[in-house]
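Going down the list, the sequences are from chains C and B.
Per full-length UniProt numbering, residue 1 is the first one in the first sequence, and the count goes up by one each step.
Per full-length UniProt numbering, residue 1 is the first one in the second sequence, and the count goes up by one each step.
The set of hints was computed from the structure by calculation and includes no laboratory data.
Each hint should be verified, as a subset may be incorrect.
[Stated by the list, open to error] Straight-line C-alpha distance at most 27 angstroms; calculated DSS-like pairs for lysine-lysine:
id	chain 1	residue 1	chain 2	residue 2
1	B	Lys231	C	Lys21
2	C	Lys264	C	Lys239
3	C	Lys17	B	Lys231
4	B	Lys378	B	Lys249
5	B	Lys42	B	Lys292
6	B	Lys116	C	Lys68
7	B	Lys29	C	Lys200
8	C	Lys68	B	Lys42
9	B	Lys108	C	Lys200
10	B	Lys408	B	Lys219
11	B	Lys348	B	Lys4
12	C	Lys17	B	Lys260
13	B	Lys42	B	Lys29
14	B	Lys270	C	Lys239
15	B	Lys260	B	Lys378
16	B	Lys361	B	Lys428
[What the hints assert, rightly or not] Facing chain B, from chain C, some residues (calculated, C-beta under 7 angstroms):
id	residue
17	Pro194
18	Leu195
19	Pro196
20	Met198
21	Ala202
Small disclaimer: the values here were computed from a predicted structure and weren't measured.
Where is the CB? At the ideal position from N, CA and C, for every residue including glycine.
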Amino acid sequence: MHIVVCVKQVPDTRIIKVNPKTNTLDRRGIPAILNPFDSHAVEAGVRLKEKVGGTVSVLSMGPPNAVKMIRKCVEIGADEGYLISDRFFAGADTLATSYALYKAFEKMLEEKPVDIIICGKQTIDGDTGQVGPGIARRLDIPPITNVIEIKEVDEKAKKVVVKRKLEDGYEMIESSLPCLLTVEKDINPVSYSPLPNMIKAARYEPTIWKVDDLNDVDKKQLGLKGSPTIVAKMFAPPKLEGGKKIEGNAEQQSKQIVSLLLEKPELFEKKRGRA
Amino acid sequence: MPEKFDVIVVGAGPSGTSCAYKCAQAGLKVLQIERGEYPGSKNVMGGVLYRKQMEAVIPEFWKDAPVERAIVEQRAWLLDKDSMVTTSVKNNSWEEEPCNNYTILRAKFDQWFANKAVEAGSLLINETVVLECIVEEGKVVGVRTDRPDGDVYADVVVLADGVNSLLSKKLGYHNELKPEEVALTVMEVLNLPKEVINDRFNVTDNQGVTIELFGDATKGNLGTAFIYTNKESLNLGVGTTLSSMIKAKMKPYELIEYVKNHPMVSPLIKGAESAEYLAHLIPEGGYYSIPKLYGNGVLLVGDAAQMVNGIHREGSNMAMASGTLAAETIIAAKEKGDFSEDTLSSYKTAILDSFIGKDLKKYKDANHTFEEQPQYFKDYIPMINRAASGFLTVDGTSKRDKQREALKTFTKEKGTFTVVKDLYRAWKVMK
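My request is simple: use the sequences and hints to build the entire structure.
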């Protein structure tokens, strides 16, 4: 079984600061990391491989230094890594990114079929969650988002059963293969990589494709040119104000809480539909 | 079957990376293991990089290394509560390549340096803790890491795991560090715009200044504070021996606040934004604290070998030089195909014959003396301040009387005999 995991290198937003004057990110000295959601996606791919056999490839679009992040994926247990890297790809929004990755998949499919694609739910820099479904749409395979468990895989019957997390519960879905899953962090804890993987990763050189290595690419659909998204305005989120501390004995406290809750009837309205 | 390398280097600071680089360059199969997220992420020093020993590892490194400023001025402040006596040596030729010394930020520099070793062919693994050396029949044959399937083997293991070298302790090469053998230093990286630094320190864009502060900076205890200029930040730190901190009941974080708020310091750092807060132990035991440096299949380098000259705040250069000497020993051992204790003993000879051994021997008694004789930092520095301030205060007293008063500042409080004795003692340990 050929499992392909799509990954992205992102700035470590846990330590990034917003310049309050310009509203831009202050990237000075901020290290680039493997998108945390994607590390769970790679782990899911590796665990699936352990169960059903096959190979795990990772695919990414990014600058040349994203090789480091691909090595991180090899540490987790990926067998192969592919990076598409070219200035034509730069400045891409999710539409242009999914087009470029789709072209990379076409190239990959020349070598061997892909049975299942796994993506992280979203990146921590863009937060859109659109690239995964975008790739699925272009490849014309089913996208299944918010997956928290891969229940069964039947390679012969070309079927997969997964569990999705919804706002108000869970959903079990059966899909044909190939398909594309985007996974939540809940799908697994990323395990501590064994030493032989670390040594393998330190030596690993991924396959790097430039735009001309891919077939029939419409360059107008790539990078900044191919990105209809316009950032109209940027602002830093307002700083959170401290909450209110409720004091007194148990009875006083519960009375206060009840009266506070009653001031907000919107909390008790029944939610309809799903997000 | 776990893989076997020629050399495993534990730690990716200046000593470990120098060794890994030199070994890889000679065609040896090298594995370097670092516990931090990346080399430099856990490494701390004041910030002075000595050109000479770095150049010995990578010639003309300054052409692409992330250095901050070339140090053209070295100031020393003898600090009292609201006065100071200062000396300074400034030499603009220190800015001409090859410069004398540079300031660096370790997080950036160590990453660059370790990457050089990788380019030379060394394998680098981060985020991996080495738990112990694997010893078979009295010989170190590899290391055990905290990862699954975590054993890996090599002909020789280089311990570059820092001041509190747990690995050499486990081998019994090292005793538990005593409080008087180590200094605890806290440091902040303070961001300031380039122009502000240039103005306040009287330098141009690439010129840097180092200031060492004695006396009130450590509240009269054995230790120093320092301020070094980077491109767009200052490194400000302070440290004393752990024993002094214990004795004076000082808390390191209170001490650094004290320095930052000192009237002689605060104008220099006004408006600065604290970007990083770091703390580290520095080996200050000197010559007497050097542990067993070699064994069957194992060598100790850098801080792990306690190679720091506390008097001249030199450490990174000794680390690099010891890493280089270790590499030379290993390359020779590889040619012989013999990594026994006997063959590796040439490393110790090389260390003792180098400036490392000579300098540490020269100052072997300095730290102990100043630790046991607190008057140098506690009494004499304030006295020098009073004498100098008195001498330069114009109040109608004749200059000859002023001179006499200035000298009396010392003899009146201490007695001539004590002053002479103290001077002689200081000369003896520093000569």
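Going through the hints against the structure:
| no. | hint | verdict |
| --- | --- | --- |
| 1 | B:Lys231 x C:Lys21 | 22 angstroms, holds |
| 2 | C:Lys264 x C:Lys239 | 23 angstroms, holds |
| 3 | C:Lys17 x B:Lys231 | 20 angstroms, holds |
| 4 | B:Lys378 x B:Lys249 | 16 angstroms, holds |
| 5 | B:Lys42 x B:Lys292 | 25 angstroms, holds |
| 6 | B:Lys116 x C:Lys68 | 15 angstroms, holds |
| 7 | B:Lys29 x C:Lys200 | 14 angstroms, holds |
| 8 | C:Lys68 x B:Lys42 | 20 angstroms, holds |
| 9 | B:Lys108 x C:Lys200 | 25 angstroms, holds |
| 10 | B:Lys408 x B:Lys219 | 24 angstroms, holds |
| 11 | B:Lys348 x B:Lys4 | 26 angstroms, holds |
| 12 | C:Lys17 x B:Lys260 | 25 angstroms, holds |
| 13 | B:Lys42 x B:Lys29 | 25 angstroms, holds |
| 14 | B:Lys270 x C:Lys239 | 26 angstroms, holds |
| 15 | B:Lys260 x B:Lys378 | 20 angstroms, holds |
| 16 | B:Lys361 x B:Lys428 | 13 angstroms, holds |
| 17 | Pro194 | 4 angstroms, holds |
| 18 | Leu195 | 4 angstroms, holds |
| 19 | Pro196 | 6 angstroms, holds |
| 20 | Met198 | 5 angstroms, holds |
| 21 | Ala202 | 4 angstroms, holds |
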